[in-house]
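Guided by the hints, dock chain S onto chain A, whose structure is given.
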Amino acid sequence: MRITQKIIFDDFKRDINRNRSQMAGIQSDLSSGKRVRIPSQDPISFQRGRILEEDIRKQQQYQNNISTGLRQARLAQEALDETIDNLIEIKRILTHGATDTSREKVRESMAQEIGGIRDTIVMTLNSSYGDRYLFAGTNSSVEPMVFDETAPGGVAGNSNATAPRVQAGDQIFLDISVTGTELRDTSAGDLFAVIGEIEQALLDSDREALGELLGDISEVIDHTANAASRLGNNINRLEFMYEQFESKNIVLKSNVSELTDTDFAKAFSDMQRTQIAFEAAMAVHTQMIHNTLLDYL
Amino acid sequence: MRTLFEISKTGLQSAERSLSVTANNIINADTPGYSRQRVDKEPVGQPLRGLHAGLGVNITTITRLRNELVDVQLGQKRQEMGYMQEKIKLFEQLETAVASDSGGDLDVHIGRLFDAFSELSNDPQDFSVRNNLVGEASQLAEKMADMKRGLDLVSDSTRQSVINNTDQINSLLADLASLNKSITVSEAMSRPDHASLDIQVRKMEELAELVDFERMTAKNGSLEIRIGGVQVLHQDTYRKIIPHNDDVAKTFDLRLENGTRVSANGGKLAAAIDVYEQEVPVMNQRLNLIAETLVSGFNALHSSGFGLNDDESRDFFDPDFTMAHNMRVNQDILDNHSNIAASSAAGEAGNGEIAAAIANLRNASILNGRKPVDYAVDLISSPGAGLSQLRVASESRESEIRMLEVQQEREAGVNVDEELSMMIQYQNAYQGAARVMASAQQMYDTLLSLVR
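Chains A and S, in that order, give the protein sequences.
Be aware that the first sequence starts at 0, since it is given in numbering that gives the first Met the number 0, and climbs by one per residue.
Be aware that the second sequence starts at 0, since it is given in numbering that gives the first Met the number 0, and climbs by one per residue.
Only chain A is shown next, with the shape it has when bound in the complex (with noise of 0.2 Å):
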């Protein structure tokens, strides 16, 4: 068989060239990091990754829309709390003003203390976060409880029937507020009408008037212990679903490595095998060089 130099020469150029680019391929997955950067580097991988990228960005982007619910369901939550506090002041206040002891002079007083109460009642339900009002359902945007002589209770409500809400999965949305028209309307009237009638009925120290009223009164108080610990759920919901998605985006972030990162080890030995090949072909072609007759003539 005839082996011309231009076999040897050709046949090195060529082995030398397939180990030159397989260890800048090896490279470039080793000093990026990733194994598979461009479609064509392995085009199913590259197609699952990114897949698996917009799972991860939406599940991310649920995550920053419970984030935001829950800053905005805690404020919610806190300012029902103090309202519920507020109404138990309303109550202890008026069982005192219940009793046969109290004269015509401390009901007034109380009445006085009452309508305070109610003020900041007022002011609590009208808290907002950044430009929205919470307690307004979805028309967030004007002040929820608003001073009106001709309103019940001389409270009027700008509120709708629509709670806020967030997306916090596919399908799935929660209430981060209660609305103001909800919270009002309690099974014993509303609920600054019946805080308007415990003053009323002060003034006019109508004493059987005003053993009606606590019962009124408890019961606006379950009202409003009611819609908190319906927002307390939904808070628990939210911060559950939450530490979830936390869990499901480390498993998909490792999916995601799995298919596209470099594999280290494997890079390094093979590596170490092209490096292997290619000095042997470097060192075994200067040998070779050297065995022609040119070197005897």
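Please keep in mind that the hints were generated in silico from the structure rather than gathered at the bench.
Among the clues, some could well be false.
The calculated label-pair distances, taken between Cβ atoms and stated as ranges, are [unchecked claim]:
#1 N163/S to M281/A: 33 to 41 Å
#2 E278/A to Q234/S: 53 to 61 Å
#3 N362/S to R70/A: 45 to 53 Å
#4 S256/A to N130/S: 51 to 59 Å
#5 L333/S to Q199/A: 54 to 62 Å
#6 M281/A to S262/S: 44 to 52 Å
#7 T250/S to R1/A: 46 to 54 Å
Only part of the chain S face toward chain A is listed, based on derived beta-carbon distances under 10 Å [said to hold, decoys possible]:
#8 G32
#9 G351
#10 A375
Simulated pairs of lysine-lysine, DSSO-like, Cα-Cα distance not exceeding 30 Å [what the hints assert, rightly or not]:
#11 K218/S to K239/S
#12 K5/A to K76/S
#13 K202/S to K142/S
#14 K252/A to K370/S
#15 K202/S to K5/A
We treat Cβ as the ideally placed atom computed from N, Cα and C, and that holds for glycine.
Only chain S this time, still in chain A's reference frame:
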């Protein structure tokens, strides 16, 4: 006595000729297309005074060693290889136009716009969220236009490549035609023109990479070439191929000057035409489908919603521009971000129902039964998928070509060591012949000194 001079003269001549052939072999050892040559000799003799005496040596022919069959096989493989290599080159350009390793690809931009809408649904009154959303939407539109520009560039360079390839084919055909002339002339004088034949081999190699063709060699040595069944080279005339291009319909029509249609079935030319007529337009179509679907999908929901300030119905993207290169956010929204309709009811600032509905489009199979981001990922990785298959195929084709090349090289290639040893051999032969001549000279001198 005179025969001694004759014999040694033929010896000197043949050694010199042989040495020149060997020298030519050594010098051309690395010349592409060169085939090694060998000197064929025969003894010369004639009856002389009852004996048959040798009268030296005669060079009969100089043979060119080459396996034509391997050349034909190689031509076929080279044509397939040329097709794949050109496609690889163009697919690489396509991949660069649509995908990057930085992560800022179309899929990410689409995903981020959905994120922005989801964020808006949490807090429809927050202007920083609205500003960010408009920013993301504009970036997406810019990205689409950018990809479209990238695809157009590839289309242009492919078009240029078709034209260049035809130019090259034409100039190769012209070269082959003039080679045909000198080959037939020397063939007629039964003195084969080896140099022209070697150049012909090289030109044919180049032609094989460019296009699929049939070859026939006539008795007089002239080469005939047909491309797609149409004769383009006959004797010393060739026919030019002219590419007629319609850049709007994205078609190429190859015709001879007399109007005969030529179809290119392989090689770089066919690859470039394929990419120009098929791959790039399909990518463009798919990109436009994304633009169109996003514009109409977003607008259908958005126009049913309400902004912060009034109860007017507005589109999110400008409905007059639904192509990848011109899609843009509605000017009303660019001018006033409160016009983004997040709410499903007029006057409800805290209502994010529409924003949430738009964000939910990311889960809807609205693009050929696929989700928008999945479809975008599929689009940007389609050149890469083709590329990785082509690379595998071209690698195996490359080693097939290498095997055939080695086969040909064994037959036609020059082994310098072999030639060097022959050089010494011819040198010795020359020295021997010269020695004979010197001896004859001495004999004459001796004879002449007797006379003196």
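Each hint tested on the structure:
Taken as a hint, the range 33 to 41 Å holds for the pair N163/S and M281/A, whose Cβ atoms sit roughly 38 Å apart. E278/A and Q234/S have their C-beta atoms about 55 Å apart, which keeps the hinted 53 to 61 Å range intact. One distance hint, 45 to 53 Å for the beta-carbon pair N362/S and R70/A, is violated here, with the actual separation near 26 Å. Between S256/A and N130/S the Cβ separation comes to about 34 Å, which falls outside the hinted range of 51 to 59 Å.
At roughly 56 Å, the beta carbons of L333/S and Q199/A sit within the given window of 54 to 62 Å. Restraint check, M281/A to S262/S: a C-beta distance of roughly 48 Å satisfies the suggested window 44 to 52 Å. At roughly 50 Å, the beta-carbon separation of T250/S and R1/A lies within the given 46 to 54 Å, and the hint holds. Violation of the interface hint for G32/S is found here, the shortest Cβ-Cβ separation to chain A being roughly 12 Å, above the 10 Å cut-off.
Hint status for G351/S relative to chain A: holds, with the closest Cβ pair at about 8 Å, below 10 Å. Annotation: interface hint on A375/S holds; nearest CB of chain A at approximately 9 Å, less than 10 Å. The straight-line distance between the Cα atoms of K218/S and K239/S is roughly 25 Å, inside the 30 Å bound, and the hint therefore holds. With a C-alpha separation of about 20 Å, the suggested pairing of K5/A with K76/S holds against the 30 Å cut-off.
Distance check on the hinted pair: K202/S and K142/S sit about 45 Å apart at the alpha-carbon level, beyond 30 Å; violated. The straight-line distance between the Cα atoms of K252/A and K370/S is roughly 21 Å, inside the 30 Å bound, and the hint therefore holds. Our distance criterion of 30 Å between C-alpha atoms is met by K202/S and K5/A, whose separation comes to about 20 Å.
Going down the numbered hints, you'll see the structure goes against 3, 4, 8 and 13, while the others check out.
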